[in-house]
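With these hints in hand, go ahead and build the complete structure from the sequences.
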Amino acid sequence: MAAVKLKNNVVSSFRMHGLTLRSDASRYLVEILTPVSLDERGKWLDRIIEGVHKQSLTSAMVGREECEAAVQDCNSEQQEDTDAVFNVIDAFSVPRFSYVKDRKKFIKDTDLAKPTPRLHGVPTDKATMFRERYTLLHQRTLRHPLFTPPILGSTDTDTTKFQLKPVEYLIGSTTKLGNVLVLGMLVQLKEGKWFLEDPTGHIQLDLAEAISFYH
1 MAAVKLKNNV VSSFRMHGLT LRSDASRYLV EILTPVSLDE RGKWLDRIIE
51 GVHKQSLTSA MVGREECEAA VQDCNSEQQE DTDAVFNVID AFSVPRFSYV
101 KDRKKFIKDT DLAKPTPRLH GVPTDKATMF RERYTLLHQR TLRHPLFTPP
151 ILGSTDTDTT KFQLKPVEYL IGSTTKLGNV LVLGMLVQLK EGKWFLEDPT
201 GHIQLDLAEA ISFYH
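Sequential numbering of the sequence shown, starting at 1, is according to full-length UniProt numbering.
Honestly, the hints are just simulated from the structure, not real lab data. You may find that some hints are simply not true.
[Said to hold, decoys possible] In silico lysine-lysine, BS3-like type, Cα no more than 25 Å apart, as pairs:
hint, residue 1, residue 2
1, K101, K161
2, K176, K126
3, K161, K176
4, K104, K161
5, K161, K105
6, K193, K161
Computed from a predicted structure; not experimentally measured.
Okay, here's the thing in C-alpha coordinates:
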(Lines of atoms letter the chains of each structure in order from A; the text may use other names.)
(Lines give C-alpha, C1' and ligand atoms only; values in the text may rest on other atoms or scores of the structure.)
Protein backbone atom coordinates (compact mmCIF):
# COMPACT_ATOMS: atom_id res chain seq x y z
CA MET A 1 0.00 0.00 0.00
CA ALA A 2 2.80 2.38 0.91
CA ALA A 3 4.62 1.53 -2.33
CA VAL A 4 1.52 2.33 -4.38
CA LYS A 5 1.10 5.66 -2.61
CA LEU A 6 4.75 6.50 -3.18
CA LYS A 7 4.49 5.56 -6.85
CA ASN A 8 1.45 7.80 -7.32
CA ASN A 9 3.27 10.66 -5.60
CA VAL A 10 6.33 10.21 -7.84
CA VAL A 11 4.28 10.02 -11.03
CA SER A 12 2.18 13.07 -10.13
CA SER A 13 5.28 15.10 -9.18
CA PHE A 14 6.87 14.42 -12.56
CA ARG A 15 3.58 15.16 -14.29
CA MET A 16 3.40 18.57 -12.57
CA HIS A 17 6.75 19.38 -14.22
CA GLY A 18 5.51 18.33 -17.65
CA LEU A 19 7.21 14.93 -17.59
CA THR A 20 5.77 11.45 -17.98
CA LEU A 21 7.45 8.47 -16.34
CA ARG A 22 7.80 5.12 -18.03
CA SER A 23 6.92 2.10 -15.94
CA ASP A 24 10.55 1.03 -15.50
CA ALA A 25 11.47 4.54 -14.35
CA SER A 26 8.66 4.72 -11.78
CA ARG A 27 9.60 1.30 -10.36
CA TYR A 28 13.24 2.39 -10.09
CA LEU A 29 12.37 5.62 -8.27
CA VAL A 30 10.06 3.80 -5.85
CA GLU A 31 12.90 1.40 -5.09
CA ILE A 32 15.31 4.30 -4.53
CA LEU A 33 12.98 6.45 -2.40
CA THR A 34 11.48 3.71 -0.21
CA PRO A 35 14.40 3.65 2.30
CA VAL A 36 14.33 7.47 2.54
CA SER A 37 12.39 8.99 5.44
CA LEU A 38 9.06 10.67 4.71
CA ASP A 39 10.48 14.09 5.63
CA GLU A 40 13.33 13.76 3.12
CA ARG A 41 11.45 12.18 0.20
CA GLY A 42 10.01 15.43 -1.10
CA LYS A 43 13.40 17.12 -1.14
CA TRP A 44 15.09 14.22 -2.92
CA LEU A 45 12.27 13.89 -5.42
CA ASP A 46 12.61 17.58 -6.31
CA ARG A 47 16.37 17.19 -6.76
CA ILE A 48 15.88 14.16 -9.01
CA ILE A 49 13.36 16.04 -11.16
CA GLU A 50 15.77 18.97 -11.37
CA GLY A 51 18.51 16.56 -12.45
CA VAL A 52 16.27 15.15 -15.17
CA HIS A 53 15.53 18.66 -16.46
CA LYS A 54 19.28 19.33 -16.76
CA GLN A 55 19.60 16.52 -19.30
CA SER A 56 19.07 16.96 -23.02
CA LEU A 57 15.67 15.31 -23.27
CA THR A 58 14.25 14.59 -26.72
CA SER A 59 10.70 14.09 -25.40
CA ALA A 60 8.60 14.40 -22.26
CA MET A 61 8.82 10.63 -21.70
CA VAL A 62 11.39 9.82 -19.02
CA GLY A 63 12.90 6.35 -18.74
CA ARG A 64 14.98 4.54 -16.15
CA GLU A 65 18.24 5.63 -17.79
CA GLU A 66 17.47 9.33 -17.32
CA CYS A 67 16.40 8.73 -13.72
CA GLU A 68 19.59 6.81 -12.91
CA ALA A 69 21.68 9.66 -14.33
CA ALA A 70 19.74 12.18 -12.22
CA VAL A 71 20.20 10.12 -9.04
CA GLN A 72 23.92 9.79 -9.73
CA ASP A 73 24.14 13.56 -10.23
CA CYS A 74 22.40 14.13 -6.88
CA ASN A 75 24.83 11.81 -5.12
CA SER A 76 27.80 13.65 -6.66
CA GLU A 77 26.46 17.01 -5.49
CA GLN A 78 25.95 15.66 -1.98
CA GLN A 79 29.56 14.47 -1.84
CA GLU A 80 30.80 17.86 -3.04
CA ASP A 81 28.75 19.63 -0.36
CA THR A 82 30.25 17.53 2.42
CA ASP A 83 32.65 19.66 4.48
CA ALA A 84 36.12 18.25 4.92
CA VAL A 85 36.97 18.48 8.61
CA PHE A 86 40.65 17.68 8.23
CA ASN A 87 42.86 17.44 5.16
CA VAL A 88 46.51 16.51 4.99
CA ILE A 89 48.41 17.86 1.99
CA ASP A 90 52.09 17.21 1.51
CA ALA A 91 54.34 20.18 0.88
CA PHE A 92 55.17 19.13 -2.67
CA SER A 93 51.48 19.06 -3.72
CA VAL A 94 50.77 22.66 -2.70
CA PRO A 95 50.87 25.02 -5.71
CA ARG A 96 53.89 27.31 -5.55
CA PHE A 97 53.83 30.91 -6.72
CA SER A 98 56.62 33.42 -7.29
CA TYR A 99 56.39 37.18 -7.46
CA VAL A 100 57.52 38.48 -10.85
CA LYS A 101 58.79 42.03 -10.53
CA ASP A 102 58.33 42.95 -14.20
CA ARG A 103 54.68 41.86 -14.23
CA LYS A 104 54.03 42.99 -10.64
CA LYS A 105 52.02 39.88 -9.77
CA PHE A 106 52.34 36.30 -8.53
CA ILE A 107 52.63 33.59 -11.17
CA LYS A 108 52.56 29.83 -10.76
CA ASP A 109 56.01 28.25 -10.76
CA THR A 110 54.90 25.72 -13.38
CA ASP A 111 54.08 28.58 -15.76
CA LEU A 112 57.54 30.02 -15.14
CA ALA A 113 59.17 26.68 -16.01
CA LYS A 114 60.81 26.51 -12.59
CA PRO A 115 62.27 23.16 -11.50
CA THR A 116 60.21 20.85 -9.32
CA PRO A 117 60.99 21.26 -5.59
CA ARG A 118 63.16 18.58 -4.04
CA LEU A 119 63.61 17.37 -0.49
CA HIS A 120 67.37 17.87 -0.65
CA GLY A 121 68.29 21.01 -2.56
CA VAL A 122 71.52 22.26 -4.07
CA PRO A 123 73.69 25.08 -2.63
CA THR A 124 72.13 27.68 -4.94
CA ASP A 125 68.67 26.98 -3.48
CA LYS A 126 69.58 28.81 -0.27
CA ALA A 127 70.51 31.97 -2.18
CA THR A 128 67.30 31.67 -4.20
CA MET A 129 65.29 31.38 -0.99
CA PHE A 130 66.72 34.62 0.45
CA ARG A 131 66.33 36.41 -2.89
CA GLU A 132 62.66 35.44 -3.20
CA ARG A 133 62.02 36.35 0.43
CA TYR A 134 63.55 39.78 -0.16
CA THR A 135 61.39 40.27 -3.27
CA LEU A 136 58.25 39.54 -1.24
CA LEU A 137 59.20 41.94 1.54
CA HIS A 138 60.20 44.62 -0.95
CA GLN A 139 56.95 44.57 -2.93
CA ARG A 140 54.88 44.51 0.28
CA THR A 141 56.80 47.51 1.61
CA LEU A 142 56.24 49.43 -1.62
CA ARG A 143 52.49 48.92 -1.20
CA HIS A 144 52.50 50.52 2.25
CA PRO A 145 50.83 53.97 2.27
CA LEU A 146 54.11 55.61 3.34
CA PHE A 147 55.85 54.39 0.18
CA THR A 148 53.09 54.69 -2.43
CA PRO A 149 53.37 57.78 -4.67
CA PRO A 150 50.86 60.55 -3.85
CA ILE A 151 47.80 60.77 -6.09
CA LEU A 152 46.76 64.16 -7.39
CA GLY A 153 43.49 65.30 -5.88
CA SER A 154 43.63 62.86 -2.97
CA THR A 155 43.39 63.93 0.67
CA ASP A 156 46.86 62.62 1.57
CA THR A 157 48.84 64.89 -0.75
CA ASP A 158 50.39 66.61 2.29
CA THR A 159 51.47 63.33 3.89
CA THR A 160 55.21 62.72 3.94
CA LYS A 161 56.15 59.97 1.51
CA PHE A 162 59.32 57.89 1.42
CA GLN A 163 61.19 56.20 -1.41
CA LEU A 164 63.27 53.07 -1.22
CA LYS A 165 66.65 53.02 -2.94
CA PRO A 166 68.65 49.92 -3.93
CA VAL A 167 72.21 49.35 -2.73
CA GLU A 168 73.53 49.98 -6.24
CA TYR A 169 72.22 53.55 -5.91
CA LEU A 170 74.62 54.10 -2.99
CA ILE A 171 77.50 52.40 -4.77
CA GLY A 172 77.08 54.41 -7.96
CA SER A 173 76.61 57.79 -6.28
CA THR A 174 79.55 60.19 -6.57
CA THR A 175 78.12 62.89 -4.31
CA LYS A 176 77.40 63.01 -0.60
CA LEU A 177 73.90 61.75 0.09
CA GLY A 178 71.50 62.82 2.78
CA ASN A 179 68.94 60.52 4.33
CA VAL A 180 68.46 57.43 2.20
CA LEU A 181 66.11 54.52 2.88
CA VAL A 182 67.41 51.11 1.81
CA LEU A 183 65.75 47.75 2.37
CA GLY A 184 68.36 45.05 2.74
CA MET A 185 69.83 42.32 4.90
CA LEU A 186 72.52 43.00 7.46
CA VAL A 187 75.36 40.52 6.87
CA GLN A 188 78.91 40.05 8.11
CA LEU A 189 80.89 39.25 4.98
CA LYS A 190 84.19 39.94 6.76
CA GLU A 191 85.10 39.43 10.39
CA GLY A 192 84.20 42.52 12.40
CA LYS A 193 82.73 44.32 9.38
CA TRP A 194 79.03 44.64 8.61
CA PHE A 195 77.46 45.10 5.21
CA LEU A 196 74.01 45.93 3.89
CA GLU A 197 73.07 43.58 1.07
CA ASP A 198 70.25 43.35 -1.45
CA PRO A 199 69.96 41.68 -4.89
CA THR A 200 71.78 44.62 -6.51
CA GLY A 201 74.94 44.39 -4.38
CA HIS A 202 76.37 45.07 -0.93
CA ILE A 203 77.99 48.03 0.79
CA GLN A 204 80.00 48.28 4.00
CA LEU A 205 78.39 50.08 6.94
CA ASP A 206 79.92 52.23 9.65
CA LEU A 207 78.01 51.31 12.81
CA ALA A 208 80.09 53.41 15.18
CA GLU A 209 77.22 55.83 15.78
CA ALA A 210 74.40 53.36 15.19
CA ILE A 211 71.58 53.17 17.72
CA SER A 212 71.44 49.84 19.53
CA PHE A 213 68.05 48.34 20.34
CA TYR A 214 69.53 45.71 22.63
CA HIS A 215 70.03 46.25 26.35
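Hints, one by one, checked against the model:
{"no.": "1", "hint": "K101 x K161", "in the structure": "holds, 22 Å"}
{"no.": "2", "hint": "K176 x K126", "in the structure": "violated, 35 Å"}
{"no.": "3", "hint": "K161 x K176", "in the structure": "holds, 22 Å"}
{"no.": "4", "hint": "K104 x K161", "in the structure": "holds, 21 Å"}
{"no.": "5", "hint": "K161 x K105", "in the structure": "holds, 23 Å"}
{"no.": "6", "hint": "K193 x K161", "in the structure": "violated, 32 Å"}
In this structure, the earlier hints numbered 2, 6 are contradicted, and the remaining ones agree with it.
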